[in-house]
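J.: Residue numbers (my numbering), protein chains in the order written: chain A, 1 to 68; chain B, 1001 to 1257.
Be a bit skeptical, because a hint or two may be false.
The calculated lysine to any residue pairs, modelled on SDA-like cross-linking and capped at a C-alpha distance of 25 Å, are [said to hold, decoys possible]: (1) A:K24 - B:S1192; (2) B:K1123 - B:T1231; (3) A:K24 - B:G1149; (4) A:K9 - B:N1135; (5) A:K24 - B:G1066; (6) A:K9 - B:G1047; (7) A:K9 - B:S1192; (8) A:K24 - B:C1150; (9) B:K1123 - B:F1153; (10) A:K24 - B:L1069; (11) A:K9 - B:L1076; (12) A:K24 - B:T1231; (13) A:K24 - B:I1143; (14) A:K24 - B:V1254; (15) A:K9 - B:K1123; (16) A:K9 - B:A1227; (17) A:K9 - B:T1074; (18) A:K24 - B:A1227; (19) A:K24 - B:A1046; (20) A:K9 - B:H1229; (21) A:K24 - B:Y1053; (22) A:K9 - B:V1032; (23) A:K9 - B:A1046.
Hints were generated in silico from the structure; no laboratory data involved. A quick note: this is a predicted structure, and the numbers were derived from the prediction, not measured.
Here are the chains, one letter per residue:
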Amino acid sequence: MLVLLAATKAALVAMFYMHLSSEKRTLAYIALTPAFLCVLLVFALLPDLGAFTRALTHTTPPPAEAHH
Amino acid sequence: MSHAAVAEHDFGLEPAESPLTPESWGKLGMWVFLAADAMSFGGLLAGYGALRYGDPTWPRPSSILGIQLTAVMTFLLICSSVTMVEALAAIRRGDRDRLERFLFLTILGGMIFLGLQAFEWNKLILHEGQSISRNNFGATFFILTGFHGCHVFGGVCFLSAILGRASRGVSGAIVVAMVAALATVGTLIVTSATFSGLVGIASAVAGGGVVFLVARLLRAPVGAYSAHHNTEVEIAALYCHFVDLIWILVFTFVYLV
């Protein structure tokens, strides 16, 4: 909910304070490109979430279940 | 016949392609810069998210960070965006006095924001024992807020240059930007030395006053901006709003979520 509100506020600032709503559409594409790339970046990082942090913090992963 | 028409007739040149921002290439340049800068912040925020959500021992931000103080800082930055909108609206009406007044308020807002950030960092480092090298929380927090603080500092200098230029051309821009940079660094030093947010605000107000007075002293009969020539003010406003926009995201992800 908070993230949604923040994204809405950021979009309103870009559209009205930065006049993106009244500029040419290509300029909006330029502004949206980093947002699109950041979403891609988040998905690219997803597989590394646990392993990457464990490697940095030197914490051991939870023990695997013993086979009976 | 205009010069452009003569050139076309004589040499068979193609008319220049209409730019995305017909009134100024500088505006297009600022948009491209902001897109690249947004990618920098996006990379930092994505890295923050990856470290945070992969670490079950990550502390709750509200248990360490002072949310109320940061909420005040956020409000201050949003207000400085509003004063920047007013500054641009004023010069589009040809009102130079209001342009200078609202530019000054925007600069002052940025300086107070930086003073409060220095106060917050002091509290975290000296009283809470946080540091950039202690853990991932400290590393991501200080890098993200520090990178944003550098942008606010750049904005203070940029807007001061615009204020100086509004008063007296390029020389005024250089003088006022240098005074603003010194005043902001002085604010940070005073805040760090006294560990008090109120002293930070007081010194930022004093520093802002010095910037405004220098701009006034440099005042000449004809300013650089008018109702028909104000693109640089608009470009500075774009940067100012971008810094505000980014802070809303940083505040949400680092402090609230």
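J.: If any of the earlier hints don't hold here, list their numbers in rising order.
T.: 1, 2, 3, 4, 5, 7, 8, 10, 13, 14, 15, 16, 19, 20 and 21
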